[in-house]
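S.K.: One letter stands for each residue in the lines below.
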Amino acid sequence: MNTKIGYLIAIALLLVAPFAIYPVFLMKLLCFALFASAFNLILGYGGLLSFGHAAFFGGAAYVTGHALKVWGLPTELGILVGTAIAGVLGLAIGLLAIRRQGIYFAMITLAMAQMVYFFFISADFTGGENGLQGVPRGTALGFIDLQDNLNMYYFVLAIFALGYFIISRAVNSPFGQILSAIRDNEDRATSLGYDVDRYKLLAFVLSATLAGLAGSTKTVVFQLASLTDAHWHMSGEVVLMTLLGGLGTIVGPAVGAGIIVTLQNYLASGPLGAWVPVVLGIIFVICVLAFRRGVVGELREMLRKSF
Amino acid sequence: MKLTKYLAASASAVAMMASAAAAEISDGVVKIGLMTDMSATYSEVAGNGTVVAAQMAIDEFGGTVAGAPIELVTADHQNKADIAANKAREWGDTQQVDAFAELVTTSVALAVFEVAKQQNKIALVSGAASSPLTNDACIPTGLHWTYNTRALAVGTGAAVVKEGGDSWYFLTADYAFGDALQKDVTAVVEANGGSVLGASRHPFPSSDFSSFVLQAQASGAKVIGLANAGADTTNAIKAANEFGVIAGGQKVAALLAFLTDIKSLGLDVAQGLQLTVSFYWDMNDETRAWSQAFYEKTGKMPTGVQAGTYSAVRHYLKAIEATGSDDSETIVAKMREMPVEDMFANGGVLRSDGRMVHDMYLAEVKTPAESTGEWDLLKIVRTIPGEEAYGPLSESTCPTK
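Those protein sequence lines, which keep their order, are chains F and A.
For what it's worth, my numbering labels the leading residue of the first sequence as 95, then goes sequentially.
For what it's worth, my numbering labels the leading residue of the second sequence as 63, then goes sequentially.
Don't take each hint at face value.
[As the list claims (entries may be wrong)] Pairs of lysine to aspartate or glutamate residues, derived as DMTMM-like cross-links and limited to a Cα-Cα distance of at most 25 Å, are as follows:
#, chain 1, residue 1, chain 2, residue 2
1, A, Lys93, F, Asp242
2, F, Lys163, A, Glu152
3, A, Lys179, F, Glu395
[Said to hold, decoys possible] With the Cβ distance kept under 7 Å, some of the chain F side facing chain A (calculated, not the full set):
#, residue
4, Ser216
5, Phe316
6, Ala362
Hints in this document: simulated from the structure, not taken from any laboratory.
Small disclaimer: the values here were computed from a predicted structure and weren't measured.
Even glycine gets a Cβ: it sits at the ideal position worked out from N, Cα and C.
Using the sequences provided together with the hints, build the complete structure.
M.R.: So this is what it looks like as structure tokens:
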């Protein structure tokens, strides 16, 4: 009951937000919130630390950019193509990576993501270091002009809501329960008769696909895809967002993404301009030392204790 | 009631009189949004120094132009194109920024070009180097001021051959950028009667250049061209020094190196290196005077990117002063009409493809014995005329030229 009211308030706030806050900034926030939530699906619920999610985010970003700019596909279709490619990439990397656990899993995903990154540096269609620029935003459903920031915002909000809904359904379904069981004790899950690898792979592909959806949407918002999207810094950033917001909580990663993106954006033009990475680093250290459950995890714990 | 109305009317009349002088300046203030890399790779080459340089240009006008105050807002784009695009859009949409300045890193400059095109604002690019900015990717209000890869690479190539370095060997970063650079320079070297003996491609990025430098040394070429950038260039120069390349009679030509790279390498290591620069502080009385003022504020001598930012902002403000307007088309037309005359450029011409054509300089790094001070790093070997460095307008592939 409480969560329902919470969601209603959140939806109402998101609907009126662009009238108070600059919409392009909000769209960026939503894209990264979706990215972090998708990442949380395998880290928070599957217990797998992937260090290569930038490959899916960036891969989808480039494919969507190319589809819209060169092939001239409609916006929705371009996003779908990018998302699908991220899913295929997720399947390929996932098949290799889930054979190992812990640090080895992280290293394999990192290595694969670096390969993808170097492919994007040397491939012609990505524009190398210059990035893929000037991607047209196009129209939604053929008649809503997305060049208008407000229209674009509601379009992004719809995509975010869809992605978020899929994640929360997955987490609260029997599939999500089994995933948590695997995270807590893999051997026990196997002994109960579950095909552990299949569940892990499915979670990995789902997470990669939704990360791709976030990347594709980001390309449409900013009209560009650049190497930043595929760089391992991006993989690191999404880990940071998820841990800061609250690992294994459904809202946490979105909150974490909000904090990081806001800091990056607003510190950039303040007197702390040159210190953004340092500030983020200090926040991360404080988070790890003082409140390990992350912002949302810690709040939930406080609520649980006091009621 | 009557009284308040009367008061309001007279207040607005006074306000109108005050703003009459700035009638043509929309929202009564000229706002420049300067975006640069404050914390990462390019913070030495561009960074805070460009903010100081832009402020020096504004101070020269006493902080006002055509009766309107000049305001400078700055941001760190962290070398991320999406942060730059977001910030530029926000500045244009909600803060009435009239022009974007500096924009180091090509991906950032291209992203801001897209925003500038949609919002019809002026982009004064100084730090970004890629030639596409005034070719395929050009926009009518995008002005590329300080240098570009063609001027650095081709300028160095032609000038070195003319100085007698007619056989070349390349150390090339193994990706699109390095290939393009090598291709450009090869064409120029051959056009000037030189020959290319070979090339070694090294992974990007690399820290160990020994085997590549040995190959280059064994090739017997007179000149070793470094078709790479940043840390790769400095690492290659260090390796060349360790293997005594310059002492052995070969020359090393860096196709993309900055004053700050030389400064950090030190003269012992970098001596004899040839490079093309857009600006050097110790060229004449004017540059020395300006650079001294800059030095007092920052503790460093200015790089070409920093001096170029000053020049671009100054020329932009001069055009506003001359036209009394902040309409983008009017200003760009005026900027093209007036020659760029300041301590940075002498008789610079702003072309219709957005390129500011001015003389470049082939420089050689001094030996420790020649140097008389901490910042006495380069000697100018040859002035490269603007047309030769940037190529004629007919070569530009800009569709709106």
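S.K.: Run through the hints listed earlier and report the numbers of any the structure violates, in increasing order.
M.R.: 3
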